[in-house]
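Top line first, the protein sequences correspond to chains A and B. Quick note, the first sequence lines up with residues 1 to 384 if you use UniProt numbering. Quick note, the second sequence lines up with residues 1 to 384 if you use UniProt numbering.
I should point out that these hints are in silico values taken from the structure, not numbers from a laboratory. Every residue gets a Cβ at the ideal spot worked out from N, C-alpha and C, and that includes glycine. One or more hints might be untrue.
Unchecked claim - Under 7 Å between C-beta atoms, here's a sample of chain B residues computed to sit facing chain A: (1) P324; (2) G328; (3) S353.
To be verified - Rough simulated footprint, nothing fancy, chain A against chain B, three-plus residues with beta-carbon under 8 Å: (4) 153 to 166; (5) 330 to 343.
Spelled out from the first residue to the last, the chains are:
2 protein chains.
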Amino acid sequence: MTTPSNSDDIFWMRRALAQAESVLYTTAPNPRVGCVIVRDGRVLGEGATQPPGGPHAEIRALLDAQARNETVEGATLYVTLEPCSHFGRTPPCVDAVLAAKPARVVVAIGDPNPLVNGQGLARLRAAGIAVTTGVCVEQALAINAGFISRMSRGLPWVWMKMAASLDGRSALHNGMSQWITGPEARADGHHWRARSCVVLTGMGTVLKDDPLLNVREVETPRQPRRAVVDGLFGIPESARLFDGGPVIVFTAREDAAKAARLAAKNVQVVVLPGPTPGRVDLVGMMQWFAQAQFNEVHVEAGAGLSGALVAAGCVDELLLYLAPVLLGDAAGMVRLPMLEHLDAARRYAFIDSAQVGADLRLRARVEGAWRTLMQRVALPPIAS
Amino acid sequence: MTTPSNSDDIFWMRRALAQAESVLYTTAPNPRVGCVIVRDGRVLGEGATQPPGGPHAEIRALLDAQARNETVEGATLYVTLEPCSHFGRTPPCVDAVLAAKPARVVVAIGDPNPLVNGQGLARLRAAGIAVTTGVCVEQALAINAGFISRMSRGLPWVWMKMAASLDGRSALHNGMSQWITGPEARADGHHWRARSCVVLTGMGTVLKDDPLLNVREVETPRQPRRAVVDGLFGIPESARLFDGGPVIVFTAREDAAKAARLAAKNVQVVVLPGPTPGRVDLVGMMQWFAQAQFNEVHVEAGAGLSGALVAAGCVDELLLYLAPVLLGDAAGMVRLPMLEHLDAARRYAFIDSAQVGADLRLRARVEGAWRTLMQRVALPPIAS
Chain A
1 MTTPSNSDDI
11 FWMRRALAQA
21 ESVLYTTAPN
31 PRVGCVIVRD
41 GRVLGEGATQ
51 PPGGPHAEIR
61 ALLDAQARNE
71 TVEGATLYVT
81 LEPCSHFGRT
91 PPCVDAVLAA
101 KPARVVVAIG
111 DPNPLVNGQG
121 LARLRAAGIA
131 VTTGVCVEQA
141 LAINAGFISR
151 MSRGLPWVWM
161 KMAASLDGRS
171 ALHNGMSQWI
181 TGPEARADGH
191 HWRARSCVVL
201 TGMGTVLKDD
211 PLLNVREVET
221 PRQPRRAVVD
231 GLFGIPESAR
241 LFDGGPVIVF
251 TAREDAAKAA
261 RLAAKNVQVV
271 VLPGPTPGRV
281 DLVGMMQWFA
291 QAQFNEVHVE
301 AGAGLSGALV
311 AAGCVDELLL
321 YLAPVLLGDA
331 AGMVRLPMLE
341 HLDAARRYAF
351 IDSAQVGADL
361 RLRARVEGAW
371 RTLMQRVALP
381 PIAS
Chain B
1 MTTPSNSDDI
11 FWMRRALAQA
21 ESVLYTTAPN
31 PRVGCVIVRD
41 GRVLGEGATQ
51 PPGGPHAEIR
61 ALLDAQARNE
71 TVEGATLYVT
81 LEPCSHFGRT
91 PPCVDAVLAA
101 KPARVVVAIG
111 DPNPLVNGQG
121 LARLRAAGIA
131 VTTGVCVEQA
141 LAINAGFISR
151 MSRGLPWVWM
161 KMAASLDGRS
171 ALHNGMSQWI
181 TGPEARADGH
191 HWRARSCVVL
201 TGMGTVLKDD
211 PLLNVREVET
221 PRQPRRAVVD
231 GLFGIPESAR
241 LFDGGPVIVF
251 TAREDAAKAA
261 RLAAKNVQVV
271 VLPGPTPGRV
281 DLVGMMQWFA
291 QAQFNEVHVE
301 AGAGLSGALV
311 AAGCVDELLL
321 YLAPVLLGDA
331 AGMVRLPMLE
341 HLDAARRYAF
351 IDSAQVGADL
361 RLRARVEGAW
371 RTLMQRVALP
381 PIAS
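Next up, chain A with everything else stripped away, as it sits in the complex (with noise of 0.2 Å):
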């Protein structure tokens, strides 16, 4: 039995999204979701995932009614993403969906996990719950993006974060780059670090600026793993960027002494080259990523690694972060192989705006990638 969504359902699945919203720092590799259990317009419990290990959001939000001594039989449950329907850390949610008997689950997206994939909404139609599909889907799943990306396409979602001027320059001719933009636009950029799965820059950025690449604007109980391309190795094991804390070194180049003294700094080397001598294989380590279970991957690169990021196609998003003032000659922002026609040039959609202190946060995305994601998590309306 299918039941259509309506005005009342999208303002609790917003609720619920708004529930996501709030472990967007902390659930990875596991997607966020939201879950709102409603009666007669009233909350009788909510609740959003935990970090691995801990609850999923249906079982928060059961948990919640119970503590209100709420039954929640015969209710209407909304969720961001399709109940799981198979064991991984924690048992099964939609059993214990199933349990508490709600007359109806309003579900916003699937979830392509093939272990999931209908399976979780067919068991809830078995047993006769009315179930309503495709409520707030753009925004279900621009929250997991990087989880329902890794599921379906085998890569993580990445974004690629610039600071610039309007003219498009990110450093002066004389390197300085320190600040472009505000900052208010360098705490929202840490917001965007902490969500990630991974902060990658280059070896550039490393020589240049010796970043520590971690959360510091914004509090987080969880710090995203940092890593550096670097084709030829060369990177200094005095970069500040070795800290103690994990960090994953991409190169192109075997130097196994190397890699076993800074193996003693909580430093990973991945070695992948790619086709051009002395160059890492970008694609493949995106590829390395989704396996390692890195949903989001979050890029803070010079002109030379974004620039190739894009040319090689890895780049999904762009996170532009645009300071009111024009520098004329100085550094651009990204290094592409040199264009004939207008037609060859990459193409993105705009999808959001914003003022953020004196800057302006633009975000634009690959349409192709966004549609791809989209397709894999449509729920087609189950006939009764």
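Starting from the structure of chain A, add chain B where the hints point.
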């Protein structure tokens, strides 16, 4: 007597501003003014400034009320700019307002024209009419920034239209630039041409694109003047620009014979040498525009002239169309002297960002210039 503004005042002033916006293309060199006459929440009459020589907004609104058989006595009159108190091409509006005996007049901004400058309001007050000032000041100034700038600074309000990729490139290395942005952005650009008094470009653009510089993509009964900066007076006499419509060429080099030949084509040649040999005095050119009653200058030029105007402090506002595309190694937007420090960069403040087709239109302005105008239109609350 002064009464405070309230939310009703804002509502009706917005309607008067909409009247003013409806004549954006036609009133130059006069300001665009809107007027609405209201009693008990009902419009008695409304109108906007007609083309030069025609009636001003207040007269139009009074005539409209007359045509509807409404009496204005005791009503409230909203007007976006202080009513004029001098004889120009038409008699003073303040006389007509006084004769209609409204109980109250609400004015957005003062008119810094030395022939008005508070005298209009003083005469209303002397007649016992309640006057409220300062409603929707920013919006009212934005509609007439050019007129206000000319009256108060002896300079036009200058915006610079640019189109670029996300990484600030305005053309490929081979010069290909048509079209980085889409048709909607181009049409929007023509709207800005249409409202301006003059469309200004440089010799580089004439040689590269041989543009017409007229308004084509939006309907307008008036074409703005067209002007070219051509320091060495090398402009080809066969340029498409010289189509019989009026054109101004600013140059640093005298050539009476060429000037005479161009005059026959309706081209005015203005010799304005600057301190650098072969270069036009750009600040002098802007003063010339103001003296010739040009309110708003729309710059649409290449990186050379654009950079020179920015460096000379001639640009008040940036009108930037960003295409969601990365071009990498390609031509920049503005050529500016190299900077050694970010503090030396030209700073603007974002005032608007809007999606236009697939592109984004950003507007940013020089805060100091705007503040100067704000100060000149501020009307002190009038004590009773």
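Hints and how they fare:
no. : hint       : in the structure
1   : P324       : holds, 4 Å
2   : G328       : holds, 2 Å
3   : S353       : holds, 5 Å
4   : 153 to 166 : holds (count 3)
5   : 330 to 343 : holds (count 12)
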